[in-house]
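Trainee: Next come the chains, spelled out residue by residue.
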Amino acid sequence: MAYLVSHPDEVKVISKRFGMGAADIDRYLQLDGYAAVKKALSMTPDAIISEVKASNLRGRGGAGFPTGMKWSFVPKESAKPKYVLCNGDESEPGTCKDRLIFEHDPHAVIEGVVIAGLSIGSKVGYIYIRGEYRYLSEIMQKAIADAYARGFLGKNIFGSGIDFDVYWHGGAGAYEVGEESALMESLEGKRGVPRIRPPFPAVVGLYGGPTIINNAETLASVPHIMLMGGQKYAEIGTPKNGGTRLFCLSGHVAKPGVYELPLGYNLKKMIEVVGGGIANGRKLKAVVPGGSSVPILTADECDVAMDFDTMMKAGTFLGSGGVIVLDDQTCIVKFALRTTKFYRHESCGWCIPCREGTDWLEKTLVRFHAGGGVKKDIDNMQYLAENMLGRTFCPLGDAAAMPIIGFVKKFRQEFEDHLEGKPCPYEKATELVGA
Amino acid sequence: MNFSEQLEARYSDMLTHYPIKRSVLVPMLLYIQDELGYLTDEAIHEIGQRLDISDLEVRNVISYYSMLRTKPAGKYNVQVCTNICCMVRGGEEIFDHCKKKLGVGHKGVTPDGVFSLEEVECIGACSWAPALQVNYDFHENLTPEKVDEVLESYAKRQEQ
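One line per chain: the protein sequences are A and B, in this order.
Residues in the first sequence are numbered from 16 upward in steps of one, following our numbering.
Residues in the second sequence are numbered from 40 upward in steps of one, following our numbering.
Bound-form chain A, shown alone (with noise of 0.2 Å):
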């Protein structure tokens, strides 16, 4: 079961209906539930991107562009209908917070979605929802058809006069779908290939018209940041860096779980105090703390602020909330051979530097666990990951490569440790921690 779990320090927005029964449309309107699609009815479309735009949101599926920037970019004339595309593919290995709000608040997205189409003058949303999560996909189809039932959508939606249509779309198993770009060709019924941007989505998206695509999360904050004023949201977070996220704590943390912390709050602090610390009597040795296609920090490196701009300045990224806690009994190699196993294994295949650099990277990270590394193949993997760099026709590439850099540079030793056919020194060190 995806338990709930809570701490103090959590700064309840998004999660505030969890656990309330609000997936119930009645239930939601005892909560505030569609005052704020009511509020954006009365306000011009600059007004809200407006409001947006103050209180700093930025992009929760991972690369935290800034959200009211972005619906800013959508030309206010076009020959093409204007769509809304909600991103809730979530897949980056550490991610587990989306499936949270489509389980407890699907009308949160819902309002986002629509609210995001008033501010660029789109009648459409698509909600998108990758094809493993069964049960939610089936929660969410309810909670469209219940608001459909009262008139929330369809035609002249609370008596506007404006008409909004919202949609549920099934994945059916692809992480490089999550590419924003990929995931208009998987909606467009194709293989998952991502687009060559320039154009952008918000110029040419959907079906050619323009269209803004958001994480759940980003579109699920939209409504509350409505309702609370942009400024308040800002404020919550820190400066430049609006509002709270879901952080999910997973590893070998004593209480993992999804937690909602202000945008700023200290890494070490949300592993010991949030996360009750390393299990088991072990030490920390490491974190990806944005899902795993961000480099990794060291036990050392943790003393940081999560924030999209510190994190950056920290060379890593707060990426997707997937904070991944490894303890001193973690081996660095094996983990760096199943994260470049993921990526090999969902790269697209379109483009040469991914398709055949992850290739090798497993090939090679293969060879290396079982005891025939030899010396240069370290190097080589560094300077393969760096050639693949900001050379792929999607951020996939970068997503393989970064960590494989990470990994080399921070843990070398561990990498020299495996070679001359050592046994790896961690082997049969990983107990079973379920709970």
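Read the hints as simulated data drawn from the structure, not as lab findings.
Keep in mind that this is a model prediction, so the values were computed, not measured.
All C-beta atoms, glycine included, are put in the ideal place defined by N, C-alpha and C.
Accuracy of the hints is not assured; some may be wrong.
[What the hints assert, rightly or not] Think about it this way: if two alpha-carbon atoms lie no more than 16 Å apart in a straight line, the pair counts; the simulated EDC-like pairs of lysine to aspartate or glutamate are:
(1) B:K60 / A:E203
(2) A:K157 / B:D52
(3) A:K298 / A:E316
(4) A:K205 / B:D94
(5) A:K157 / A:D178
(6) A:K205 / B:D91
[What the hints assert, rightly or not] Here are the in silico distance ranges between beta carbons for each label pair:
(7) A:G34 / B:P111: 56 to 64 Å
(8) B:D135 / A:H360: 45 to 53 Å
(9) A:E442 / B:A48: 49 to 57 Å
(10) B:A48 / A:A269: 44 to 52 Å
(11) B:P111 / A:E435: 45 to 53 Å
(12) A:R165 / B:Q199: 33 to 41 Å
(13) B:P111 / A:I367: 33 to 41 Å
(14) A:E442 / B:P183: 44 to 52 Å
(15) B:A48 / A:N295: 51 to 59 Å
(16) B:N99 / A:N395: 53 to 61 Å
(17) B:Q45 / A:R165: 47 to 55 Å
(18) B:Q197 / A:H360: 26 to 34 Å
(19) B:P111 / A:M58: 48 to 56 Å
(20) A:Q45 / B:H145: 27 to 35 Å
Given chain A's structure and the hints, the job is docking chain B onto it.
Mentor: Chain B only, in chain A's frame:
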């Protein structure tokens, strides 16, 4: 060919959601697979015909998505996550345990057709690791003992 009444109703409804009918392809393929067990040659041809795309193009799309299959699986498809968060909490051991218990390997199907097994990438249960899915059901915070209980509960369902 016709699909079930329920699936035909869903198909007709979904067509109204998009300006281009090809958009129903990926979600429909999964619903068709749920109904037939796997994507048969007949179903591939049928959906292709309806959406004005060739069988080859339908297969082209199928080959991209990891949940879609053109061969039967077990009635209960056990999908064990071995990605990093599950791995560091014993996900590989869970997968090995399932292999022993079911007597099959990755993508294997038990001789009675009740279970199949595969290792999968991250299913979004990282904070409740290690985890697996049986068809669409999530089972989390696993131990080998819990896995045995899970498998037995499905085996019992099959007997009923």
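Trainee: Could you run down the list of hints and mark each one as holding or not?
Mentor: Structure-based check of each hint:
Proximity of B:K60 to A:E203 is assessed by CA-CA distance (about 9 Å); at most 16 Å being required, the pair is judged to hold. For the given pair, A:K157 sits about 14 Å from B:D52 by alpha-carbon distance, which is consistent with the 16 Å threshold. Of the supplied pair hints, the one linking A:K298 and A:E316 holds, its CA atoms being roughly 14 Å apart against a limit of 16 Å. Proposed proximity of A:K205 and B:D94 is supported: the alpha carbons are some 13 Å apart, at most 16 Å.
Between the alpha carbons of A:K157 and A:D178 the distance comes to roughly 20 Å, so the proposed pair goes past 16 Å and is violated. Note on A:K205 and B:D91: the hinted pairing holds, with a Cα-Cα distance of about 13 Å set against a maximum of 16 Å. Separation of A:G34 from B:P111 is about 39 Å and departs from the stated range, judged on CB atoms against 56 to 64 Å. Taken as a hint, the range 45 to 53 Å is violated for the pair B:D135 and A:H360, whose Cβ atoms sit roughly 19 Å apart.
A hinted range of 49 to 57 Å holds for the C-beta pair A:E442 and B:A48, which are about 54 Å apart. Remark: the range hint 44 to 52 Å for B:A48 to A:A269 is upheld by a beta-carbon distance near 49 Å. About 47 Å separates the C-beta atoms of B:P111 and A:E435, a value consistent with the hinted range of 45 to 53 Å. Remark: the range hint 33 to 41 Å for A:R165 to B:Q199 is upheld by a beta-carbon distance near 39 Å.
Roughly 35 Å separates the CB atoms of B:P111 and A:I367, a value that falls within the hinted 33 to 41 Å. Restraint check, A:E442 to B:P183: a C-beta distance of roughly 19 Å breaks the suggested window 44 to 52 Å. Range check, B:A48 to A:N295: about 52 Å between beta-carbon atoms, so the 51 to 59 Å window is met. Our hint of 53 to 61 Å for B:N99 and A:N395 is violated, since their Cβ atoms are close to 34 Å apart.
In this structure the hint that B:Q45 and A:R165 lie 47 to 55 Å apart at CB is violated, the actual value being about 25 Å. Checked against the hint of 26 to 34 Å, the C-beta distance between B:Q197 and A:H360 comes to roughly 31 Å, which is consistent with it. B:P111 and A:M58 have their C-beta atoms about 54 Å apart, which keeps the hinted 48 to 56 Å range intact. For A:Q45 paired with B:H145, a C-beta distance near 48 Å fails the hint of 27 to 35 Å.
Hint violations for this structure: numbers 5, 7, 8, 14, 16, 17 and 20, all remaining hints satisfied.
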